[in-house]
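*Asks:* My request is simple: use the sequences and hints to build the entire structure.
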Amino acid sequence: MLRVGLTGGIASGKTTVAAMLRELGCHVLDADKIAHRLIEPEAAAYEDVVREFGRGILTSNGRVDRRKLGAIVFANPARLARLNAIVHPRVLEALDQELAAIERAEPHAIAIVEAALLIEAEYTKELDCLVVTWCAPEQQLARLMQQDAGRGFTREQARQRIAAQMPIEEKRRMADEEIDCSGSLEHTREQVVALFAKLKRIESERSN
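At position 51 of the sequence shown (counting the first as 1) the number is 51 in the numbering used here, and the numbers step up by one without a gap.
These are calculated hints, taken from the structure and not from any lab test. Treat the hints with care, as some may be off.
[As the list claims (entries may be wrong)] Quick list of in silico lysine-lysine cross-link-like pairs, BS3-like style, CA-CA up to 25 Å:
{"#": "1", "residue 1": "K200", "residue 2": "K125"}
{"#": "2", "residue 1": "K33", "residue 2": "K68"}
{"#": "3", "residue 1": "K125", "residue 2": "K33"}
{"#": "4", "residue 1": "K125", "residue 2": "K198"}
[To be verified] Cβ pair distances, simulated, as ranges:
{"#": "5", "residue 1": "T154", "residue 2": "E122", "range": "28 to 34 Å"}
{"#": "6", "residue 1": "P107", "residue 2": "S184", "range": "34 to 40 Å"}
{"#": "7", "residue 1": "T154", "residue 2": "L185", "range": "24 to 30 Å"}
{"#": "8", "residue 1": "R51", "residue 2": "E170", "range": "30 to 36 Å"}
{"#": "9", "residue 1": "A85", "residue 2": "R55", "range": "18 to 24 Å"}
Every value quoted in this text rests on a predicted model; they were computed, and no experiment measured them. Where is the CB? At the ideal position from N, CA and C, for every residue including glycine.
*Replies:* Given below as structure tokens:
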């Protein structure tokens, strides 16, 4: 099985690219969704997160309000690091388990791990290939404000979220492959189709 990391800055096109790869037949694991699952009541990280950040981050029904939690951690790098220290090891463990299950069921699959912090979490050593999505900084900022308009993100809040991640140029230097998501959807799709063909060739050559 070919294990492929898909990363990039927030609002840089990762989710769009992941959806296209899924349509082409790849298995896609979304680390953000796993992290959200882990902070649900009764889940593995819930008690530790509540103990660390207080019951003020909870909604009336006891669930973690991710917007409140985000307001705390993205304004304070030390608090963000603490949250990551609680959640990331459990996310990586879950990814290992899900990847192993895919490989048992489909030994020649292409599995995509979509995560904003793949490099920062040092998970790239578990992968065969790293793909980085990117777009221009102002485009990234505009997309983030637009996609989260209903949540009321200001320009400053959006900038905080971008600044909390590794600079995209650093990620691009570490990439095996890149997808430029600054153009049209069709332009992105053309690159994804070409990437998929390359990944298929790599997996086939490994299997022979």
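*Asks:* Take the hints in turn and mark each one as holding or not.
*Replies:* Outcome of the hint check:
no., hint, in the structure
1, K200 - K125, "holds, 21 Å"
2, K33 - K68, "holds, 18 Å"
3, K125 - K33, "holds, 21 Å"
4, K125 - K198, "holds, 20 Å"
5, T154 - E122: 28 to 34 Å, "holds, 32 Å"
6, P107 - S184: 34 to 40 Å, "holds, 36 Å"
7, T154 - L185: 24 to 30 Å, "holds, 27 Å"
8, R51 - E170: 30 to 36 Å, "holds, 33 Å"
9, A85 - R55: 18 to 24 Å, "holds, 20 Å"
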